[in-house]
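Peer 1: Model the full structure from these sequences, guided by the hints.
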Amino acid sequence: MSTVLDLGLGVAVLIVTGLSLLARSRLVMSMSFLVLGVLVAIVWLRLSSLDVALAEAAIGTGLLSALLVWLAVRSPLPPGAGRMETSHRLRWLRPAVGLVAGTVLTVVTAAVWVRADHRLPAWGEPAQAQLPDTGVEHPITGVLLAFRAYDTLLESGILMLTAAAVLALSRRGGLSAGSTHQLSIHQASAALPPVPATLSWAARMLTPALVLLGLWLLFAGSTDSGGAFQSGAVLAAALILLHCAQVDLRVFQARWLRPLLVGGVVVFVLAGLVGPLLGLPWLSWEPEWAFAAVLVVEVLLTAGITAGLYALFLALENPEGVR
Amino acid sequence: MVSVDTISWYLLVSTVMIIFGTVRLLLVRDLLARLIALDVTGIGVLLALVALAARSESSDPVLQALVITGLVIAVAFTGLGAVLIRRIEGLREDGGGGDRS
Amino acid sequence: MTFTQFSLGALALLPLLAAALTMLLPHPVRRALGVLVALLVAGFTAPVLGSVTSGELTELVLGGFDAPLGIHLRGDGLAAVFLGVTSLVGVVVTGYAAVLPKSTGAHLSATSWVTSHPGFWPLWLGCWSGLNAVYLSGDLFNLYVSLELVGLTAVALVAVGGQSAWEPALRYLFIAVLGSLMFLAGVGLLAAVTGTLDLHQTRSQLDELEDPTLPLLALTLITVGLAMKVALLPMHRWLVPAHSAAPSAVSPILSGVVIKAALVVLLRCWLWALPAVPGMQWLAWLLGGLGVAAVLVGSVLALRQDRLKPLVAYSTVAQIGYWFVAFPLLLHGEHDGAPLGSGAYNGLVALAAGHAIAKAGLFTAAGFLKDRCGTDKMSALRGAGAHHPVLILAMGMCAVGLLGLPISLGFTGKWQLATAAVGAEQWWVLLVVAAGTLLSAAYLLRGIAPLLLQAEVPENAPAAGPVRGRERLGEIAVLIFGVATIGTGLLGAWLGDLLEVGAWW
Amino acid sequence: MVVNDVIPLAVVLLSVTVAAIIFPLPQRLNRLRSAVNLAGAVVKLALVVLLVPPVVTEGARPEFAVPFLPTGTGDPISLVLRVDPLALFFAGLSAVLWLLTTVYAIGYLRGTAYQSRFFGFFSLCVAATVGISFSGNLITFLVFYELLTLVTYPLVAHWGDEKSLKAARLYMRYALGGGVAVLVGVVWLTMEAGPADFAEGGAADVAEFASHSPTAAVIIFALLVGGLGVKSALVPLHSWLPAAMVAPAPVSALLHAVAVVKAGVFGIVRVVDDVYGIEVAWDLGVLTPLLVVASVTVIYGSYQALRQTEIKRRLAFSTVSQVSYVVLGVTMFSMAGTAGGVAHLVHQGIMKITLFFCAGLFAESMGAHKISDLRGAGQRMPWTSAAFTVGAFGMIGLPPTAGFISKWQLGLGALESPHPWVLVVLVVSSLLNAAYFLPVVYTLWFGDQHDAAFTSGHEPRLLLVPALCTAGFTLIVGLGASLPFSPLEISRLIAEGVFS
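Taken in order, these protein sequences are the chains called A, B, C and D. The first sequence begins at 1 in the UniProt record's numbering and counts up by one. The second sequence begins at 1 in the UniProt record's numbering and counts up by one. The third sequence begins at 1 in the UniProt record's numbering and counts up by one. The fourth sequence begins at 1 in the UniProt record's numbering and counts up by one.
Hints were generated in silico from the structure; no laboratory data involved. Positions of the beta carbon are idealized from the N, C-alpha and C atoms, including for glycine. Watch out, some of these pointers could steer you wrong.
Below, computed lysine-lysine pairings styled on DSS-like, alpha-carbon distance capped at 27 Å [said to hold, decoys possible]:
id, chain 1, residue 1, chain 2, residue 2
1, D, 163, C, 377
2, D, 370, C, 377
3, D, 163, D, 370
4, D, 166, D, 370
5, C, 377, C, 102
Label-pair distances were calculated between CB atoms; the ranges are [what the hints assert, rightly or not]:
id, chain 1, residue 1, chain 2, residue 2, range
6, C, 379, D, 285, 50 to 60 Å
7, A, 224, C, 43, 55 to 65 Å
8, D, 25, C, 2, 42 to 52 Å
9, C, 476, A, 19, 36 to 46 Å
Peer 2: Structure, rendered in structure tokens:
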């Protein structure tokens, strides 16, 4: 039974992959990618990785595909869409070589995969033994915010700096209060299609539910599946919905976007600095107050992720001068 | 505990995604198509990691955490890529853009 | 916890914190904070260098969680060398960017395009944080995250160069991310067979492994991915537009240190994470062959450029070749009691470190001229040397380093590479070194000599305008690189001692 | 002793310091720049003189070493500065001639632009030359040799026009090509026989290496001498030298008399005598081919000089020919020949610099570039013409000049050596020398008054005094050849060391 399901799921993933890679229309491509996200989230569930499935659903499918679909909608038919980079003489050569090389590589790699004797991770036992010291009960949150907090910190740094980068590509370098205020103001020449009243209404109704879901994911993270990233994605989705419903968020953008963006990383680093001040290594937290530290960091991190993802969305709209 | 066959099957699927995503990325000209190909490759890699995580009794938390990290990074680069594509195509629509650098 | 251990963490986290804070500040304050942080980072580099000089390997267990669960930071010889070089390049470039803000890119103001870009500061400090994290990391997945931090900020730093830099930046993004994904796939494979992500534990686990196929496949993936990021021929085509379209203060960082980060990861994987696996030498020979091609093709293409920045960028492509020429020699045994592998490794590191300083200097100079004259066409820059004697002198000194003439780290590196080659009886390496030296002399002369023309400089040449005090300071930055290129040439023996600490052998 | 050990380093650093002071000096501070230059030159001369008694009479070998390159086995290769008689000999030559050339250059460049750059590189050039002379092993030699290539480039390109840049580029190509060959040779030799410290009579490690793998030793010898042969302008590697004549006159003078060309020849002497050792080299059979090349160069250079109509080009080909006498002497495998060759190292320097100084004077004062322009110059510029005549007679080898001494000594050496036919080369070359120098001398004194437009003909003192000094030296060295501390006596001492 399970085998048939897995087989079907795998084939479906492959078909949608093919569709998202080979389609000629941008819209089809990005929509296929959205479907791919959904399918893969189901695969994660099949592989008993609830947290990853949640993250995929929220971040991967929800936001990432939304970005791509948005892009496809805003400029559906750029010059040369979907065409291969062909040389003049042998049109078929590149795709053919690519196909053959890809197939050969797949066969070789897969053969190696199957032959290899896998070894189970050596961190299983120490992870369970040391989990109580971290102040959280959910092992994945423990890994993210205690055992490998350094990775998470650098990663939130990446998200923050990506937001900084896309803001830097907007008016006034995007990095002052005045410029975030102006983000994503549509020009007359590229105005959005009018928003149907129903959507606007639905968005306003949905938002509280989304916020509630986000907060639940956040606070559930310490004991159960969920966490800063999933929660941040949901909250960002709520903001985006509001924005699409043409709710005026400019004051929020001007006053709060940058501080929120930065806050998570700053507090994370400062919390990491407490250890050295007490003579411990970087990023170590005493079991007594570890939970408090993790909670503070997680809340601010969520805010930062929300702001970062929202900034990515806002910056998608070209500033005037660069349409 | 997921059966070994299932894991191997998903590893195979992930391999196909990785390799054909890469090939497409290197061959196609359309910028959005390239970005999507890159994302497909990324999902393929993460799928492999999750499949590996599923070998343990209860799915391995460390590998899962790594995958979540990977996902966030994927969103980050896709976001930057998408904004860059928008800007570049905005320039093109303007008719080649200005001469300032 | 000792201060050195504290420094290991601070080296990665302080710039990140500063990057976050700069986002909230107005532009002039950002510059001041940037300079302050640069000096602090250099200050934290000192204890690491000091302890490695005294033969000590400093290790920091983050959060107190031991490997394989947690992450270790290791300040060994390789890390110390690159930390030192990055601090030098970082401090000087930061100073340059603070003094000449127009070198940081171009942004859209309320009405028009303006030179100088406030976004440079958070991105550069974030990039620096990632670089230090890469050097110190002792964990494969953490290497991936750090490398992504470097890659994304580097792409963004190219993009702040303005409209013409966007396409190169996007191209760079595709390659950088694809490279990291391949690296991640390789890491996943290794983790599957070893059950750990720690570099040292990976090695000891693989030592017990009988079937070499999987580690070999993993190494292939890792190598291809990282070779993309280092821009080894034939995966070099993204480098030239990206490095030449980047703002003046960014190109030296990219060419000087960012590609070195990928090189360091490659060395970590080849020499630390994997034991000598049968079949590895084929891969090494392939890399060696590509290295030779890169030296020759890169140099010839550099000769054919008519603009200064692309010329310097192609020179990077050629120099990258040298590092890979050393790979086949890394796996060799001994000759008369001298270990050849370590000799080639020393040579590789010396070449890369020397290149970092010299290339940073040359790119800063090229960017300076481009900013000042509005173009980097060599025909338009004729005679610019008459107004910038210090700059030309400094460029000459940097060129010495790139040529590999004494006294410079480039010479030290070539010397060690050549002696290792003679010991291993790989005579072709000598030929490559000789040909590469002569070709690089040709293209560097082509780049620098027209600047010296002084007989027929028209009065209204762009370089002829009055030189402001700030610009003089900018020239001093290049001069520091030049002097450092020559000065570090005397440190070859010390470098060899440093690299002994925490080496894989 | 301790003080002496520091002197070699001090001499090198002195010139570098002078350069570092001069580079940032603004153009208008002419007096300060000249003062710094002259002070540096005088102090350097004094330091070198200080070394003479301990090294020549007491047999001391002051040495300074600093670790430079790691080897992998623990002991790093060092940069070594060591003073032996040959080193002192060459350093003395450069110290004396630098002082004179500095004076000349101050006068020559008066009122032109970019003087700070010129004198800065000029000082670096001398630092490199002194470094070459004091080098205690091949690696140190290589370092300073390449440094010399680099710092002479801006000097050759000094005027900054297309022609200078082209000549400088040609020079750079040749010199770097040679440098790469030397580098490969040094790398190989170091890997096989260690860092090859210079030792009188040859390095023991090299001798052992040559005994068990002679083929490799011959190839390495060919690489080293081939590379060095570029700078010493051995035919067919000479064509950069005439092209480089576009440089300012003091540069040409320095290039031909002490710095570049001499550095190449000095390197060949070092390789033959102090790395391989003359006996080992003879056993390997590498000396005779080199002797033949040198003979060809001597004759060919003279023949080409005869064909030139421009003064500076004629002098340039004359250098090609004359410098090879040194190689001739060293490779003919006799003690007298070696002494003659080494003595010619100094003699040629003094005589050739005289000629270049005078050529510069003629060009500056009369605008004379061709030999035909010199008609009647003897009346208008008598002192200059006299100095030129002394130099020319020296080149031909007429007594009582220094040139006579070296040719006589070389002739003696040829008779002692296994190759008496070299005497024929010497005679033919002397005849050719006479054929291309005597007409110039004749034109100077007895040519018809040239165009009346050239009436200026005044002889600036800063340019004239150095020329007269070197002309004087040419005579003094010739007359006092048998006095203690004369170049010939020191050369004999060196030759004894080589054959001991």
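Peer 1: What hint numbers does the structure not satisfy?
Peer 2: 2, 7, 9
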